[in-house]
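A.B. asks: In order, the protein sequence lines correspond to chains F and B.
Using our numbering, you'd call the opening residue of the first sequence number 1 and step up by one each time.
Using our numbering, you'd call the opening residue of the second sequence number 1 and step up by one each time.
Wrong hints could be hidden among the right ones.
Unchecked claim - Per label pair, the in silico range of CB-to-CB distance: (1) B:E92 to F:S2: 48 to 56 angstroms; (2) B:G60 to F:D477: 54 to 62 angstroms; (3) F:A57 to B:A144: 20 to 28 angstroms; (4) B:A144 to F:R461: 29 to 37 angstroms; (5) B:E4 to F:D477: 49 to 57 angstroms; (6) B:R100 to F:E439: 20 to 28 angstroms; (7) F:K60 to B:D105: 53 to 61 angstroms.
Simulated from the structure, these hints should not be mistaken for laboratory data.
Yeah, the Cβ is synthetic: ideal placement off N, Cα and C, and Gly gets one too.
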Amino acid sequence: MSAITVYVPGDAAALSVGADEVADAIIAEAKRRGDEVRIVRNGTRGMLWLEPLVEVATEKGRLGYGAVAPEDVPALFEAGFLAGGDHPSALGPVDAIPYLARQTRLTFGRCGVIDPFDLDDYAAHGGLAGLDKALAMEPRAIVDEVAESGLRGRGGAGFPTGRKWLTVLEAEADEKFICCNADEGDSGTFADRILMEGDPFVLIEGMIIAGLAVGAEHGLIYIRSEYPHAVRAMQRAIRVGYERSLLGTSVRGSDKRFDLAVRVGGGAYICGEETSMLESLEGKRGVIRAKPPLPALKGLFGKPTVVNNLLSFASVPVILAEGGDFYRDFGLGRSRGTQAFQLAGNIARGGLVEMAFGVTLRELIEDFGGGTRSGRPVRAVQAGGPLGAYLPESQFDLPMDYEAFAAAGAMVGHGGIVVFDDSVDMAKQARFAMEFCAEESCGKCTPCRIGAVRGVEVIDRIIAGEERAKNLVVLDDLCELMIDGSLCAMGGLTPMPVRSAVRHFPEDFDRPAAAQAAE
Amino acid sequence: MPYEAWDESRATAIVEGYRRERGGLMPALHGLMEHFGYVDEGAVPILALAFNLSRAEVHGTITFYRDFRREPPARHTVRVCRAEACQAVGAEDLADHACRSLALDFGETSEDGEVALEQVFCLGNCALSPAVMVDDRLYGKVDADRFDRLMVSTVGEGRP
Chain F
1 MSAITVYVPG DAAALSVGAD EVADAIIAEA KRRGDEVRIV RNGTRGMLWL
51 EPLVEVATEK GRLGYGAVAP EDVPALFEAG FLAGGDHPSA LGPVDAIPYL
101 ARQTRLTFGR CGVIDPFDLD DYAAHGGLAG LDKALAMEPR AIVDEVAESG
151 LRGRGGAGFP TGRKWLTVLE AEADEKFICC NADEGDSGTF ADRILMEGDP
201 FVLIEGMIIA GLAVGAEHGL IYIRSEYPHA VRAMQRAIRV GYERSLLGTS
251 VRGSDKRFDL AVRVGGGAYI CGEETSMLES LEGKRGVIRA KPPLPALKGL
301 FGKPTVVNNL LSFASVPVIL AEGGDFYRDF GLGRSRGTQA FQLAGNIARG
351 GLVEMAFGVT LRELIEDFGG GTRSGRPVRA VQAGGPLGAY LPESQFDLPM
401 DYEAFAAAGA MVGHGGIVVF DDSVDMAKQA RFAMEFCAEE SCGKCTPCRI
451 GAVRGVEVID RIIAGEERAK NLVVLDDLCE LMIDGSLCAM GGLTPMPVRS
501 AVRHFPEDFD RPAAAQAAE
Chain B
1 MPYEAWDESR ATAIVEGYRR ERGGLMPALH GLMEHFGYVD EGAVPILALA
51 FNLSRAEVHG TITFYRDFRR EPPARHTVRV CRAEACQAVG AEDLADHACR
101 SLALDFGETS EDGEVALEQV FCLGNCALSP AVMVDDRLYG KVDADRFDRL
151 MVSTVGEGRP
């Protein structure tokens with residue numbers, strides 16, 4: 001009897017709830033019974049509430065069992081799970097689970113499906129098709145294809161990727177760089193991490209294509225140090241890339257060269273800001289730079305540099321493989337293609353949902369997410385990370401679209417959606433936004449460095465009920481100053497969660513003065 | 001994780017391995033962290049020489065980043081996430097519990113040097129919050145009970 005393939009995710013989130021122990025238990029139990037199994041440590045499918053999600057390759061396709069605990073394993077064998085036997089944790093064909101079946105997986109299509117470090121498996125699932133096309137194209141044609149797709153920066157700012165690449169292509173220089181921002185520091189986001197651990201070659205492929213497009217031969221991936229597991233995954237994939245001539249002096253046997261390395265951050269949130277990241281890559285303090293000059297013209301070591309978010313690069317291979325118009329056909333308005341939304345916080349079915357732009361918050365939170373994990377009503381969601389707005393239920397029908405969100409005083413950001421139930425204290429959340437800014441400010445701009453500290457103090461006075469009306473005016477004025485007087489999004493966007501909390505949840509800021517409460 | 005004791009010639013050799021890398025100061029600092037668990041004050045002139053920087057510039061970089069400890073680390077580092085997604089499912093209660101049960105505040109190390117408690121803002125496990133990292137290992141859905149069991153299995157017996 002030939003070995004049966006069993007998939008047990010090696011993704012950090014799956015490991016955080018016992019995937020290694022489950023894999024060990026399966027190996028031990030198979031040995032005890034004399035069953036032959038081949039364990040593949042895949043990435044996660046993104047259905048994180050089902051982790052560890054074990055899959056068995058059967059004649060009926062890949063059948064899932066989740067969430068599996070190590071102590072469930074003997075019973076799974078008893079139930080004949082290697083042949084797809086029934087068990088309380090059985091989920092049936094994984095691809096048919098509605099959470100997954102309803103998604104449009106353009107960027108994450110292989111994630112959780114393949115062995116992340118097997119380049120042949122990657123190629124067998126459509127990988128390298130984009131790169132092979134790009135290798136036969138003129139640089140300008142590659143840039144045009146990306147521009148045609150309508151792809152905008154997935155880090156949050158939404159700048160058209162094609163236009164950025166064109167600027168770098170047209171810049172004259174003896175060398176150029178490709179820098180990937182994988183400093184995914186926003187709470188509620190984990191798509192970058194999942195992709196690095198589940199399909200690292202798609203990032204490598206995207207960055208090589210960027211190099212071909214603009215004439216750059218060096219790439220760096222800046223990964224935050226809080227992701228040790230992703231750092232190891234990316235380094236391992238890069239090693240395979242060199243061994244298999246995907247990277248190095250002769251990319252896929254061509255005369256093109258591309259070198260790629262991982263750089264690890266130092267635990268500073270601000271290094272997710274592109275100019276701060278460049279400073280860090282140069283070995284300096286992560287203090288942001290004023291723009292202009294744009295990094296596209298004067299970036300790493302003063303050379304023209306493409307700085308893109310990981311998901312922007314990872315979207316490029318499918319754009320090249322299928323054509324810019326294919327990608328452009330998803331989405332709405334000026335938000336084209338798909339976005340990896342991440343459902344987080346107090347949510348029953350947290351995970352990754354890749355959908356075309358235009359899906360509403362309500363569909364994401366209710367249909368996909370299944371409401372709160374606590375079972376209490378949803379009161380607020382924070383969309384777009386710590387610098388994104390808090391939105392009440394009345395805003396849940398907003399379509400996910402850069403412009404629609406901006407018009408509502410919110411932002412799509414990196415696609416993170418953090419759900420809070422009705423026990424949340426929004427004044428406390430507003431205070432935290434200021435506290436976080438004070439903690440993480442690089443210190444360059446006074447309104448950010450000092451304004452955030454003053455912000456915490458003002459909110460404390462409001463919470464204590466001291467001269468509430470006057471202090472709300474002070475807070476609003478402070479927010480205005482931070483927006484106008486900060487060079488980057490740290491100081492410039494911290495007012496977004498603060499102001500949205502005040503606007504949508506004024507009752508949380510209306511507290512009796514401490515003295516009155518004591519009476 | 002056993003670390004080597006600080007040794008100047010060993011440090012010089014480690015730094016040498018990064019000298020040719022452009023902007024190699026950050027990787028060199030991580031290299032020192034990996035070997036010694038911290039960046040000794042004695043590393044500053046070595047790094048300055050290797051990268052042709054002033055000692056002030058090296059000091060500036062070291063002190064900007066939270067990761068670059070300047071004193072030997074505890075044997076185990078427990079990091080509790082306090083960012084929004086974890087807040088939404090009780091991270092503050094967990095943080096209080098961690099401080100109480102380890103009898104440490106965030107940023108403190110136990111007197112015997114066994115365990116350090118740190119706060120962190122996001123470990124990328126936001127769908128399985130609250131998240132905790134012990135040394136390099138990530139844990140999800142950590143409530144007070146799981147935290148206590150985790151401490152026994154990682155930090156060791158005789159601790160909560």
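A.B. asks: Could you check the hint for me, namely that F:A57 and B:A144 are 20 to 28 angstroms apart, CB to CB?
C.D. replies: violated (39 angstroms)
A.B. asks: Please test the hint of 54 to 62 angstroms on the beta carbon pair from B:G60 and F:D477.
C.D. replies: Check failed, 33 angstroms falls outside 54 to 62 angstroms.
A.B. asks: F:K60 and B:D105, beta-carbon distance inside 53 to 61 angstroms?
C.D. replies: holds (55 angstroms)
A.B. asks: State, for the Cβ atoms of B:E4 and F:D477, whether the hinted interval 49 to 57 angstroms holds or is violated.
C.D. replies: Taking Cβ atoms as reference, B:E4 and F:D477 lie about 54 angstroms apart, which means the hint holds.
A.B. asks: Using the Cβ atoms, figure out if B:R100 sits within 20 to 28 angstroms of F:E439.
C.D. replies: The hint (20 to 28 angstroms, Cβ to Cβ) holds, given that B:R100 and F:E439 are roughly 23 angstroms apart.
A.B. asks: So does B:E92 sit 48 to 56 angstroms from F:S2, Cβ to Cβ?
C.D. replies: holds (52 angstroms)
A.B. asks: Between B:A144 and F:R461, does the C-beta distance stay in 29 to 37 angstroms?
C.D. replies: At 33 angstroms between Cβs, range holds.
Hints 2 and 3, counting from the list given before, are not met by this structure.
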